[in-house]
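**Q** Below are the chains, spelled out letter by letter.
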Amino acid sequence: MKVAPTRAALTRIAACGAAAILVGVAVVDVRQSAASGTGENEKLLLIAPAAPGGGWDMLARELQNGLREEGLRRNVEVSNAEGAGGTIGLTQTANREGQSGVLTMTGLGMVGAVETLGSQHTMADATPIAQLASEYLTVVVPKNSPYRTADELAEAWREKKGGLPVAGGSMGGVDQIFAAQVAQSMKVPPDGINYLPYAGGGEVLTSLLSGTAQVGFGTYGDFSDQLESGSVRALGISSPERLDGVDDLPTLHEQGYDVEMSNWRGVIAPPGVGEEEAKKLERVLAKLRKTPTWADTLKRNRWTDTYQGREEFTAFLKEEVTVARKTVKALGL
Amino acid sequence: MEAFSLLGDGLVSALTPANLLWAFCGVLLGTAVGVLPGMGSAMAVALLLPVTFQMDPTAAFILFAGVYYGGTFGGATTSILLNTPGQASSIATTYEGHKMALAGRAPQALGTAVIGSFVASVIGTLVVALFAPVMVDFALKFGPGEYFALTVFSFVAVAAVVSGSVVRGIASLLIGLAIGLVGIDSQSGAPRFDFGSAVLLDGVDLIIVTVGLLALGEVLYVAAQGRHAPDLASIRSGKPWLKRRDLRRSWPAWLRGTALGTTFGPIPGSGAEIPTFLSLGAERRLAKRRERRGGEKSEFGKGAIEGVAGPEAANNGSAAGTLVPLLGLGLPTSATAAIMLAAFQQYGLQPGPVLFERNGDLVWTLLASLLIGSVLLLAINLPFAPLWAKLLKLPKPYLYAGITLFSVLAVYAINGSTVHLVMLLAVSLLAFAMRHFGVPVAPALIGVVLGPIAETELRRALAASAGDPSILVNSGISIGLYVMVVVAALLPLAAKLRRLRARRAEAARDSGNDGDGGGEEREPAGTASR
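Respectively, the protein sequence lines represent chains A and B. The first sequence lines up with residues 1 to 333 when you count with this note's numbering. The second sequence lines up with residues 1 to 530 when you count with this note's numbering.
Simulated from the structure, these hints should not be mistaken for laboratory data. Idealized CB from N, CA, C, for every residue including glycine. Be aware that a few hints might be false.
Sample of chain B residues with no beta-carbon within 10 angstroms of chain A, all distances over it, derived [to be verified]: (1) A159; (2) L201; (3) V222; (4) E291; (5) R509.
Label-pair distances were calculated between CB atoms; the ranges are [as the list claims (entries may be wrong)]: (6) A:Q99 - B:G402: 51 to 61 angstroms; (7) B:L20 - A:T304: 39 to 49 angstroms; (8) A:N41 - B:A426: 42 to 52 angstroms; (9) B:A466 - A:A124: 35 to 45 angstroms; (10) A:N41 - B:K396: 42 to 52 angstroms; (11) B:A18 - A:A295: 28 to 38 angstroms; (12) B:R501 - A:G162: 51 to 61 angstroms; (13) B:A190 - A:Q99: 32 to 42 angstroms; (14) B:A18 - A:E40: 28 to 38 angstroms; (15) A:T293 - B:A103: 23 to 33 angstroms; (16) A:A295 - B:P397: 25 to 35 angstroms; (17) B:T16 - A:A199: 31 to 41 angstroms.
Sequences are here, hints too, so could you generate the full structure?
**A** Structure (structure tokens):
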């Protein structure tokens, strides 16, 4: 009869002990993450202004993985702030004025969204740190399409204008800016094109393969598998020169269409972080760029290394904002 | 039958103790993530992706497969017990599932859901393995015109869910359609009903709508009733296992749900919502027909087991179907699939038409892992069904406080933004008002889910044809779907007419020849009218 109470007491003591240990561990853990640490233990927050699986989310997770693997930063956290073409993430960044250890993923899509949506915060509300990688854009048609060259497409497009349905990513995004620039170079008024926006590269391909849209606009990576298998055909790429590995694909430029653009990706820090902090962030990224892990990342995602340091990137960003503003205006968005 | 032996080889290479452990972790994690509203399997797979960089391909596939199927099933648990669907694909489950729980049949509802998910996962995976190329061709026939016809058909099919007053049902549907309009219009980029707020530009998140309309609205309503609210703890939970009668009624529903899911799952851009709603509508109609023919009474509206079995099988079936465009064309058609594609490429697996020839062994291993994942899904979740059902035994105040905490956390987790919480409060007050005035919330949910799809596809179709409406009816698939719409709409009407005529004839006979008992066969008025 005595056994039961003793056992109950023991259980209670054990439970109390376990709880105490848990609380203790939690307190220590909190202390550790609260103390920002120095060097490789310094905390770094990566804001991905996209849903999990989106382009900026991939970039953030690759950065997180690379920084950890190479021992540059052990304490890296990714936070998703999706919405409104990335401008929600931009606003969150702007609101963290002066905070150190924060990097937000950015790219041409965000620049475009700021212009089309009239966001309350602009790229001027952030501190540019570095450009990391780019993807070039291509114009593709299904394999049974009558258009074999950019010239044939230009001729037909001028004639049909809105009668030629073309597909790409969401409204105001990189793909649409690309489509507008291609149209402009082909002497088709950009606000007269029949652009069908889709949620992603996969859906654009489906639209082409099912015969809904006749021309697709998107990054090379979106279409590379199908280009290889031959179910779609590329008419031109937006790079300044032919790309390694796909040298049979002519650039738009060499075919006489003055379109040179890339879907670049970079990182920005909150406004007012100070010279010291900006330099430190830039240094970490410059180091990461030289590592084998990052080389693997670039290869795996088919990104082109277009690294730019702080100074270069700041000037580049300014230019991109001007171009995007002009294109958005021409599109009438 | 070569496919079977290849699949067998895949199974052999996938079945190692370590891989089984991964599958176990995956299913557990997937179920946990599915149970939490606002966390989808896409999120879990994205978080796991960096972890798998160091794993061998087979183990990674098995982990993903477990998360994928587990996540699709997990939503059912909260739908049934708490009336809170974790994701869009489990909304259809709530209608009958929660009513079953209220009637003390929660373990049966959970049981039929988990077995249905298992059956659909296994059949779906096998169908994908054997018929992927054929299904790809079918899926590519779906342009926006066909897709719009499919949404029209879904609207008509689920109209059956709207019981009671037609006017109130339509009012509710319109509320749902209005909520679905908020945000940037995807086709023109124009902001609609954003009231100048950047957060509203992305529309009202579906999680906010489901949690607000179903869970928090109910909490507020119960709280307003105070002591008079029905006490869930008094519900007898009954025998925890499926009875023979439950099984007899579940299995055809599982098979029909699987068929709908695997047929419509591969269509690019379609989620699991449409097949689940179609399945719910079909089961309801079939149950009614059985009743009219003198069979068992339809339990729809009071917690019919078919209404859980069908949609749950349909959503796992379509989860398997999503793999068709992914493997056959290299087209990721859902967020989860997009992340899985990234994982495949990492192992040098290149999805596309030549995948089966080039990376045959890996593909068969993947399909085998999906089979293992579904078996574990059953093994892990079936024993837990009666345990989960005990949740309802909690005293009312704790249970509803728990639901409130759970819902608010889920919504806060979407973006860490307080604006979302304000939106949630607004939606739950709306839901409270709807309950108070007897407006059903089910049609509103259907409007929120199907409305934007229908709008996008219609406008996309008309844009592609430069405004020519003939694109809507220029294929066999669209015409077939519209014919089914008309038939579905006319059948009840015809049945009503026939009954009316029969009654009139009877009345004429009765007046001529009183008391010959001819009125006994007469159906109770109003059984089939809605």
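**Q** R509 (chain B): least C-beta distance to chain A exceeds 10 angstroms?
**A** Holds, because the least Cβ-Cβ distance between R509 (chain B) and chain A comes to about 58 angstroms, which exceeds 10 angstroms.
**Q** Is it true that A466 (chain B) and A124 (chain A) lie within 35 to 45 angstroms of each other by Cβ?
**A** For A466 (chain B) and A124 (chain A) the Cβ distance comes to about 40 angstroms; the hint holds.
**Q** Given the hint of 42 to 52 angstroms, is the C-beta distance from N41 (chain A) to K396 (chain B) inside that range or not?
**A** holds, 48 angstroms
**Q** Verify this label for me: V222 (chain B) is non-interface relative to chain A, using a Cβ-Cβ cutoff of 10 angstroms.
**A** holds, 33 angstroms
**Q** Assuming the hint says 25 to 35 angstroms, is it satisfied by the Cβ distance from A295 (chain A) to P397 (chain B) or not?
**A** violated, 59 angstroms
**Q** Range first: 31 to 41 angstroms. Now tell me if the beta carbons of T16 (chain B) and A199 (chain A) are that far apart.
**A** 38 angstroms Cβ-Cβ, so the 31 to 41 angstroms window holds.
**Q** For L201 (chain B), is the shortest CB-to-CB distance to chain A above 10 angstroms, so the non-interface label stands?
**A** violated, 4 angstroms
**Q** N41 (chain A) and A426 (chain B), beta-carbon distance inside 42 to 52 angstroms?
**A** For N41 (chain A) and A426 (chain B) the Cβ distance comes to about 43 angstroms; the hint holds.
**Q** Do the beta carbons of L20 (chain B) and T304 (chain A) sit within 39 to 49 angstroms of each other?
**A** holds, 42 angstroms
**Q** Using the C-beta atoms of A18 (chain B) and E40 (chain A), is the stated range 28 to 38 angstroms upheld?
**A** holds, 32 angstroms
**Q** Beyond 10 angstroms from chain A, beta-carbon-wise, is A159 (chain B)?
**A** Answer for A159 (chain B): holds, closest chain A Cβ roughly 28 angstroms.
**Q** State, for the Cβ atoms of R501 (chain B) and G162 (chain A), whether the hinted interval 51 to 61 angstroms holds or is violated.
**A** holds, 54 angstroms
Of the numbered hints listed earlier, those contradicted by the structure are 2, 6, 15 and 16.
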